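K.L.:
One letter stands for each residue in the lines below.
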Amino acid sequence: MREPSFLMKTLEATSELHLRTNRRPQEAPLGKKSEIAEPQPIHAPIEAPLRRRVTGGFIVAVLMTVFIGFSSWRYARLAAEDADWVVHTYSVMDALELTAKHVIEMETSARTFALTGQDSFLASYEAARGTVAQEEDALRHLTADNPNQQRRLDLLEPQIGAALKFAASLVAKRQLLEAIPSDSEILETERLIDAARATSQEMKADEMHLLSLRTQKTNAGRRLTSFIIVGGILVGAALLAFARLAVNREIDVSTGARAQISTMNAELEQRVEQRTSLLQSEIAERKRTEAALQQSEETLRLLLDGVKDHAIFMLDPEGRVVSWTSCATRLLGYQSNEIIGQHVSCLYSSADSESGKPGLELERAILNGRNEEIGQRKRKDGTLFWAEAMESPLFNDSGALRGFAKVVRDITERKQTEHVLVLQAEHLARTSRALQVLNDELELRVSQRTTQLESSNQELEAFTYSVSHDLRAPLRHISGFSKLLVEDFGERLQPEAKQYLERIVHGVRRMGILVDELLALAGVGRHKLNVGYADVNSLVNEVVTILTPETEGRLVEWQIGDLGFATCDAVLLAQVFQNLIGNALKFTRSRATAVIEIGRIEDAGQLTFFVRDNGVGFDMKYADKLFGVFQRLHRIEDFEGTGIGLATVRRIVQKHAGRTWAEAELGKGATFYFTMALPAEVQAEMRSTGEEVQL
Amino acid sequence: MNPHDVDILLVEDSPDDADLAIHALRKEKLASSIFIARDGEEALNFIFCRGEFNDRYFDHPPKLILLDLKLPKIDGMQVLRTIKSDPRTKAIPVVIMTSSKEERDLVSGYDLGANSFIQKPVDFDQFQETVKQVGLYWMVTNQPPVRTPTQLGLAPEALTTT
Numbered sequence: 023m024r025e026p027s028f029l030m031k032t033l034e035a036t037s038e039l040h041l042r043t044n045r046r047p048q049e050a051p052l053g054k055k056s057e058i059a060e061p062q063p064i065h066a067p068i069e070a071p072l073r074r075r076v077t078g079g080f081i082v083a084v085l086m087t088v089f090i091g092f093s094s095w096r097y098a099r100l101a102a103e104d105a106d107w108v109v110h111t112y113s114v115m116d117a118l119e120l121t122a123k124h125v126i127e128m129e130t131s132a133r134t135f136a137l138t139g140q141d142s143f144l145a146s147y148e149a150a151r152g153t154v155a156q157e158e159d160a161l162r163h164l165t166a167d168n169p170n171q172q173r174r175l176d177l178l179e180p181q182i183g184a185a186l187k188f189a190a191s192l193v194a195k196r197q198l199l200e201a202i203p204s205d206s207e208i209l210e211t212e213r214l215i216d217a218a219r220a221t222s223q224e225m226k227a228d229e230m231h232l233l234s235l236r237t238q239k240t241n242a243g244r245r246l247t248s249f250i251i252v253g254g255i256l257v258g259a260a261l262l263a264f265a266r267l268a269v270n271r272e273i274d275v276s277t278g279a280r281a282q283i284s285t286m287n288a289e290l291e292q293r294v295e296q297r298t299s300l301l302q303s304e305i306a307e308r309k310r311t312e313a314a315l316q317q318s319e320e321t322l323r324l325l326l327d328g329v330k331d332h333a334i335f336m337l338d339p340e341g342r343v344v345s346w347t348s349c350a351t352r353l354l355g356y357q358s359n360e361i362i363g364q365h366v367s368c369l370y371s372s373a374d375s376e377s378g379k380p381g382l383e384l385e386r387a388i389l390n391g392r393n394e395e396i397g398q399r400k401r402k403d404g405t406l407f408w409a410e411a412m413e414s415p416l417f418n419d420s421g422a423l424r425g426f427a428k429v430v431r432d433i434t435e436r437k438q439t440e441h442v443l444v445l446q447a448e449h450l451a452r453t454s455r456a457l458q459v460l461n462d463e464l465e466l467r468v469s470q471r472t473t474q475l476e477s478s479n480q481e482l483e484a485f486t487y488s489v490s491h492d493l494r495a496p497l498r499h500i501s502g503f504s505k506l507l508v509e510d511f512g513e514r515l516q517p518e519a520k521q522y523l524e525r526i527v528h529g530v531r532r533m534g535i536l537v538d539e540l541l542a543l544a545g546v547g548r549h550k551l552n553v554g555y556a557d558v559n560s561l562v563n564e565v566v567t568i569l570t571p572e573t574e575g576r577l578v579e580w581q582i583g584d585l586g587f588a589t590c591d592a593v594l595l596a597q598v599f600q601n602l603i604g605n606a607l608k609f610t611r612s613r614a615t616a617v618i619e620i621g622r623i624e625d626a627g628q629l630t631f632f633v634r635d636n637g638v639g640f641d642m643k644y645a646d647k648l649f650g651v652f653q654r655l656h657r658i659e660d661f662e663g664t665g666i667g668l669a670t671v672r673r674i675v676q677k678h679a680g681r682t683w684a685e686a687e688l689g690k691g692a693t694f695y696f697t698m699a700l701p702a703e704v705q706a707e708m709r710s711t712g713e714e715v716q717l
Numbered sequence: 023m024n025p026h027d028v029d030i031l032l033v034e035d036s037p038d039d040a041d042l043a044i045h046a047l048r049k050e051k052l053a054s055s056i057f058i059a060r061d062g063e064e065a066l067n068f069i070f071c072r073g074e075f076n077d078r079y080f081d082h083p084p085k086l087i088l089l090d091l092k093l094p095k096i097d098g099m100q101v102l103r104t105i106k107s108d109p110r111t112k113a114i115p116v117v118i119m120t121s122s123k124e125e126r127d128l129v130s131g132y133d134l135g136a137n138s139f140i141q142k143p144v145d146f147d148q149f150q151e152t153v154k155q156v157g158l159y160w161m162v163t164n165q166p167p168v169r170t171p172t173q174l175g176l177a178p179e180a181l182t183t184t
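Chains as they are written, first to last, in the numbering used here: chain A, 23 to 717; chain B, 23 to 184.
No lab work stands behind these hints, which were simulated from the structure alone.
Remember, it's a predicted structure, so these values are computed and weren't measured experimentally.
Hints should not be assumed to be uniformly reliable.
Derived DSS-like pairs (lysine-lysine); straight-line CA-CA distance at most 27 Å [unchecked claim]:
hint, chain 1, residue 1, chain 2, residue 2
1, A, K550, B, K92
2, B, K92, B, K106
3, A, K647, A, K608
4, A, K123, A, K195
5, B, K51, B, K154
6, B, K49, B, K85
7, B, K154, A, K520
8, B, K154, B, K92
9, B, K49, A, K520
Interface residues of chain B toward chain A, partial, derived using beta-carbon atoms under 8 Å [claimed, not checked]:
hint, residue
10, D35
11, S36
12, D38
13, L42
14, H45
15, D61
16, S121
17, F139
18, K142
19, V144
20, D145
21, F146
Label-pair restraints from in silico Cβ distances [what the hints assert, rightly or not]:
hint, chain 1, residue 1, chain 2, residue 2, range
22, A, E513, B, D147, 15 to 25 Å
23, A, E481, B, D147, 29 to 39 Å
24, A, R532, B, Y159, 38 to 48 Å
25, B, K51, A, E481, 41 to 51 Å
26, A, Y522, B, R48, 33 to 43 Å
27, A, D660, B, R48, 32 to 42 Å
28, A, E481, B, Q165, 24 to 34 Å
All C-beta atoms in this analysis are idealised placements derived from N, C-alpha and C, irrespective of residue type, glycine included.
If we strip away everything but chain B, and leave its shape as in the complex, we get (with noise of 0.2 Å):
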């Protein structure tokens, strides 16, 4: 997958349920730019042009970040905090997705900026459902604000492939 023009970045360390919301936004059509990232470490890599990912440019930050919040090395809530705590990347939509619905989780994901927060259905039919909204909502009725990796003051870097 091009890492470069990515429209969703899905944190999950779970293959099967990244399966399962690729089938989900795909439904949809939304499923042709998505960057799957099994941990914490590799996402914050990718959101921040690093590691492996030191070919990306920050002008192309992903549109949604999808984020399960139990994450080998990592954990989402970190990941979030980063995120949010970038002025770089704090505008990028973070949309929480786990299975749980630990109370703690929900008031501190909200306290570190999240701007979703979702409990993955056990149902299937529910689960693209949510997906489906979630995508459509972020992906096409919300309105991202404009910014340029110049007008963030960033130098342009090489794009590598993973």
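Extracted from the complex, chain A is given alone in its bound form (with noise of 0.2 Å):
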């Protein structure tokens, strides 16, 4: 009996085990607690169940792989074991066989020597003979393990022994008495051979039948084996997993409180800088704050020395000085130790001290929080001079009158400064009256000037009128009766005489027209603007219709161009056109034809026109000649006129802001230009009107 000693030892092992492996979650917490405990106070109640979870799945985990490794051990020696009797049974059955075989060769050998008598079959029994004791104490041998087969072998052995025994006494008979068996004796061998073959197969069909009762079992088991194999690794799969998840969750949880730990150091590091710095700022700025108030106080004090003309000092509630400056030493000549303690009212004059005032002026700095005064003070010395004071009243934290801050200004200069621009205003204000009333004497004289001139334009006006009416009645009474004398007596008259009469009525014709030109030209004078729109071209050829008698028995060649619109005295821009053509007409007579142009340039808005001949012309050097009355570059007896035409023509374009021009060559002709403008106050006129003005 094997196999129950193999189980037990099997179940031992496993319990031992079992023992061995509950020791360990006794020591691993100890050394594991050891390590983590203190860095990660902060997660002991999440880690206890954790490890315990821990813990228990590998110890789990252990038992699963013992169990499977033995499983697998038990497995491997039951397959093992399985083969050995396999191979047994096999031996078993092979000797058997074996065993059968001889005894039948015996049999039939010695049958047949018996029978024939030949050698060879006794050689043959004799070799089956020696084997089948051999095989006989092998099959014992190895069936000693199965009492139902040495049983069996108990009963194949006499059949055996009976088998040889009665082939032996065959083989005998017929060697020693050449006796040939009988068929009983032949079927008694047929007999002992079939016992002995039935009881090997006897014995046969029991090691098959062991065989498959241990296949059996051994199947059994390697199914058990199996799964308890892929049980247990599945189990282990699980639990190592688990295991794993609990280990990176706890190293996921021990990185994180690792992360934390060190972002609060890295916090409370910077904090501990942060304050460090503040600290340090801190004390480097109360040591500026030190500094800056040493400074200023230093300051101050140089500011209160160096103040020029002012005087700083403080006063207690009852006007007593408690602190002086050097500045007050300056301007009130008293030291510090003199006027310290003295009532501030001997800085004022006796009259004002004693009227009480430098005690009203501190109820009155109190009363509006300030008092200012601009007066009298006196310095030590007895002086006294104007001021500009100041007095402050400072009040403690609980609001009680601690003093008076007072501050007085020498103003002096300024006084004297007002003094010298009060002067000067008033001067200037004389100045002024006296501009003013030469400006009325001027505006006076102005008027009168205007009224002047505006009488004697009147008188010119009455002057002219007489000029006109008085002058040329006689004038007309000498060229009359000339010509009556001339026609009534004429024949009575010696031809010098009618000649003399002749000249006269001539110079009287002259007469009567520079009397007449003189007169238009004053016109021009008083004419007042008529302006308006004209058509320039139409008015040229009337002008040119009234010139036709200077034309007759002439060849004139007339050139006028588009010479537009002009805004201007219709009539003043014809008789300047009159004149200028008939001055052209005048100087082409000696010309075989004359050729006269008149035209308009108009250039950045400024209109131009001009008359140009080709007549006798004139020298350049008396062009500005040209236009002042009584003016001729021409004799008179070469060229009649007056040398008033083109004075008037030049007043007339004055008379619309216009200038005249002429450019002339000897022999060659001339060009009179005259440009129009408006006058202002007409153009402004024109504006407001909402009329273009064109030019």
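Two chains, two separate frames, one set of hints: put the complex together.
P.N.:
Following this line, the structure appears as structure tokens:
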């Protein structure tokens, strides 16, 4: 019985393992705790059950592994044993087979020898007989573990013995007796062989039955082992996975905690650094403030000492001096030891201090929060000066009067300047008044002059009128009666007398023209511009028509361009053209064909007209004389004229805010230009009425 | 000169001018019945048949009045105004003949109803020509309105001579 002992052993081993592994959970956490417990105090509540679970998992995993290992080992053992048993069974069966075979061989050989007497069969008989004995021993040995087989072997051995004996008897009978076995003997051998064969067959069947039983058992054990292995592997894998998860989680938690700790550490360090730098800067600030305070105190002291014309000092609530500055010393003459404790009224004139003014001012300062005054103050040496004084009350935290700050400023210079300014202002006012008087006088004079001018203008007008009327009449009479003299008494007059009379008439005619033209020139001055929009071409055509008598018997080529329109006094513009065209006709008289061009130039908004002729022209060096009254460039015998026509032209053009000029060359003709612009007031008037001015 | 049958009344204070005008008119045979008034008053008396002319009849008004402006007593403009503002006389053609060509005279002359305005030229030939033309036009060419004193409702008065 080998199997039960084996099972017992394995059970013992398993329980031993169990005991051994059970000890672990008590040991492992100790080591672990010493490592992790300190840095992870925060996670202690989470850690304990987890660790228990992890430990349990590990234990189960180890047990599973051991159990799987054991099962595998047992399975291998079972397989090996199984194989042994199969081999054993087949060995038994082979031995049975051989035994049966040799028995049959021995019997048949013996029988055949007995029948034939041939020695070869005898030899076979001998050989078989020898092995059968050996095989019997081997069988006994092989089946020693199996009592059933032993029992059958016990049955078989006599059968074989009987067969051997019978065979030996047959052989012996032949050898010795040369007897041939009978049929009954032969049948006997058959019966002996069959019996032995039957027993061995029985034994064989028993062995086969045993084999199949064993195989069944082995298969069952194998299935169980396979199930255990697979199940164990699955459970182990699951446990490992769980363990891995748990460990990972633990690692995560621990990593997180570590990160948190390091963050907290960093924050802490930063806070410490901040606090440190804050403290440092506070210290630096305090140092700076102290320095600044010192500096400002120094500055204030310097300022107070350096202040010119100001005395700054403090009074106690009763008005006694409690602090004094060097600027106050400079202004008021008192040293601080002389003045401190004195009442402020010693700085006022005696009259002021007797009237109680100093106290009043302090009261006013308390009442209004401040008191200012300009008045006289007294120095130590008794001299008075003009000052601007200011008192401010000082209160302590509880609102009680602590004293006064007082500032006294020397404004002597300002007073002087003010005085000078007043004097200057007075002077200015006087000057201004004088100017006003002068201005009034001037205006009066201007208006008087204007009136005078107006009246002299009227006189001039009257004079012009009388010249017109009274001067022309006698001229007419001279002319008329001279003519009548010639008409009525011509036959009785000598030719020379007649000629003189002609000269008289001629002179009178010239004088008449002169008077008329002078009147026209004067008329232009008095003429009020009657501005309109004139068609210059039709205006010029009219003038040419008027002058037609002048062109009788002459060849005149008129070149009249597009003259457009002009805003002007049409009557006066006609007069201008009449004078200029008249001149052109006059000075071209010597030309076979007179060419007279009348045109218009428009340049940059400036409208210019011109009258050009191919006449005798003039020397340009006299051009400046051209437009003067009574100025002539030709002899009267050559060209008649009064020297007033161009003066009139200029007068008219000037009235239109234009100008006149001429270009000429002696013997080659002349060009007279004039521009037309409108007087500003006329333009303004036209703009205001919305009319467009086109020049 | 017969004041009752006057064709032309010449109002002129200057005898020289008057002589020259008569000379000029005579040349054209227009001077047969000219009456010369030497001042404005005389001219108005003549026209309105009063004063020394109260024997004149309104039914023989002058066919033409040649009026100088600068006149003693009553000036030419006043004479013109009086003539032209009276319905009995306003139809008589009045030609102003003056030395001056004063614009204001011209304008007011026409305003008051003058029929022509002529400046006496200095040159006698021109003067003569002007007078001739004026005389011919108003005396010959122009057709005066036919108005009898009866039509005008005036009683005939005795004629006197100067």
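K.L.:
What hints, given by number in increasing order, does this structure fail?
P.N.:
10, 15, 17, 24, 26, 28
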